[in-house]
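Undergrad: Assemble the complex: chain Z is given as a structure, and chain C must be docked to it using the hints.
Chains as they are written, first to last, in my numbering: chain Z, 538 to 861; chain C, 1204 to 1569.
Don't take each hint at face value.
[Said to hold, decoys possible] Partner residues aside, some chain Z positions facing chain C, computed with beta carbon under 10 Å:
#1 598
#2 602
#3 623
#4 626
#5 690
#6 697
#7 698
#8 706
#9 707
#10 737
[Claimed, not checked] Some but not every residue of chain C turned toward chain Z, in silico, with C-beta under 7 Å:
#11 1342
#12 1343
#13 1344
#14 1347
#15 1428
#16 1429
#17 1465
#18 1512
#19 1518
No lab work stands behind these hints, which were simulated from the structure alone.
For clarity, every value in this text was computed on a predicted model and none was experimentally measured.
Note that the Cβ used here is the ideal one computed from N, Cα and C, for glycine as well.
Single-letter residue listing:
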Amino acid sequence: MKKSIGGLLVSALALSAAPAFAQDALTLQLKWVTQAQFAGYLVAESKGFYDEENLDITILPGGPNIAPEQVIAGGGADIIVTWMAAGLAARDTGVPLVNIAQPFKRSGLMMICPTETEINEVADFPGHTLGVWFFGNEYPFFAWMNKEGIATDGSEGGVTVLQQSFDIQPMIQGQADCISVMTYNEYGQALDAGYGPDNLTIFNYTELGNDLLEDGLYVMEDSLDDPAKVDAYTRFVRASMKGWEYAAANPEEAAQIVVDMDETGAATLEHQLYMTGEVAKLVDPADPALDMATYDRTVKALLDQSIIKAEPEGAYTTVVTDGL
Amino acid sequence: MSQLQFFIALVAGGLSAAGFALSFVTPFEQALLLKAFLGLGFLSLIRFFIPIGLWADGAFAVLGAVAVLTSIGIFQPAPAFFWMALIVAWLFSWLFVERLSKVLAPRLSDNAGLGLIIPITFGVALLVIWEVVTRGANVPPVLLPPPSMIGAQLANSTGILWADFVQTFVKSVLPGYVMGCLAGLVVAVLVDRSPFLKAGLLPIGNFMSALPIIGIAPIMVMWFGFDWQSKAAVVVAMTFFPMLVNTVAGLNAASNIERDLMRTYAASYWQTLMKLRLPAAGPFIFNALKINSTLALIGAIVAEFFGTPVVGMGFRISTGVGRLAIDLVWAEIAVAAIAGSAFYGVIALIERGATFWHPSVRGGRA
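Just chain Z, with the same shape it has in the complex (with noise of 0.2 Å):
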């Protein structure tokens, strides 16, 4: 008789309690370590912006030996945050992502040269060093110097490329002519490190129109046929839009969230604060569609440099963006 009371009440609990507790579970998968470059997501986990759309997302870090793309193949995650190229050419190789959202407008990615290499524009490049990030990040660099039409490949009249770690370091140590690097990351710590404008020729590819589009939202396409999905996919990206406009206005405590929520404690409050400034003049909090002329040249660079073999078809729905 006791068992059956307490059965009763389990389920009278359960079912009371059950509408309040059904949310759908995401799981986003990060591009890079818990950072402000995801300063949106991280916002609207912490200010339960995602609980108001009766979301539970999980966010799993990345890190240098993370490929998002891999994870999401896997069934690790549901969206992934990815660029572009490396969405698309995955896609080439059978992994159908789709791109749902463009939060990041414009590019962070630059390459840096200290002045006394005496490079002053690209046609100074040939014979020297260039510092690279591989791991899927190579695409926007590689399409830049076929664009130019410079050779990569070490021989005579072309550019020697090197594998750069994921600091200055290569530049300091003048292992590297030139590094890459981002705005709102690496540019940070060469600043720290005393150099800047004044003594930096700076090549910021988003200047020099050859930009491809970053920090993108992708999901698989199967996924997108069923139509719950979909609207979760919907208010997931509703929220993380709130977020990133919460993290805009309120930039140092979008950066102690950002502290907060980094589990391996690497990250610092001052550095953050720099990133959330950096990462919040490249994205658009009002408007996540992807912009279709910058989509059309990635693809065309893409094309252009044989990295995709053919022209995509269905690599990004407005279904979602769309449904706002």
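TA: Below, chain C without anything else, positioned relative to chain Z:
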């Protein structure tokens, strides 16, 4: 027929019977070879009345592998009897190897050529199962590509693979290996001469050999730059201590009686070293050389994870994953495995010639 063979034969025949029965659910003209194989597997149960030769089991295994491989594309998804046929084919190959090794065991050394069939069957069975499971179950190629795809990539990108091999093996591994092993040998002789070094240096040597390579590699890159020099330095650090420790032990291998005999000949230290103690240490030194041959390749590849010019096995393996070129990564792993095995094999052959007197080489013969 041993109990194990009896059991395998029973399971193989029984599974064939079950698979054969199940296969009638699908239209008969589909996968005819697969059905014929299962039928023959069923018939193999007559072995319990009339003995069947072991080569018949080998033929069954080959037929099964061909039947399963050719019918991968026919069904979507693959039905149960397809997987049963795969298991039966594998059981037949196991039975074949089991029986062959029993026959060869008493005189394996006289049947070296025939003995090779056993590891080859084992390897081929592994590849067939890999191919069938990845393609039959539609495993995404970015998680695990089938061996045929890896083989195609191996054939298509010989240029890249050769450049990586030269960078990693010829430029980093070989110089690092020679320098590390020579240094280890020289220091071992010094340590042997000086009690002070023996007491002071050896414990530090043991301590250093426990250092993780992923801790050393980035530091070497900082010291020696991104190119092959830093990788060779890691290889030197990795190969030095196994050589040192082994040689020091080897130099003590010559017994006191033999040393006393040298003394009665009025041999100098160097004569004793060159004519008695170093040859006696040969097996130990070759042991270190063999350990180091595989260690050196691992060290160079891991060191390349920490910044390289854009060539090299480690570079390709670490960055290929990021751009989802998993088949290229596997091709690179295959090249590394072959190169490492060949290097080990060469050292083992030299050892056989150089330490011909050692019991382990002459196989107990006088």
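Undergrad: Now tell me, hint by hint, if it's right for this structure.
TA: These are the hints, each one checked on the structure:
no., hint, result
1, 598, "violated (16 Å)"
2, 602, "holds (8 Å)"
3, 623, "holds (7 Å)"
4, 626, "holds (6 Å)"
5, 690, "holds (9 Å)"
6, 697, "holds (7 Å)"
7, 698, "holds (5 Å)"
8, 706, "holds (7 Å)"
9, 707, "holds (7 Å)"
10, 737, "violated (21 Å)"
11, 1342, "violated (10 Å)"
12, 1343, "holds (5 Å)"
13, 1344, "holds (6 Å)"
14, 1347, "violated (10 Å)"
15, 1428, "holds (6 Å)"
16, 1429, "holds (6 Å)"
17, 1465, "violated (53 Å)"
18, 1512, "holds (6 Å)"
19, 1518, "holds (6 Å)"
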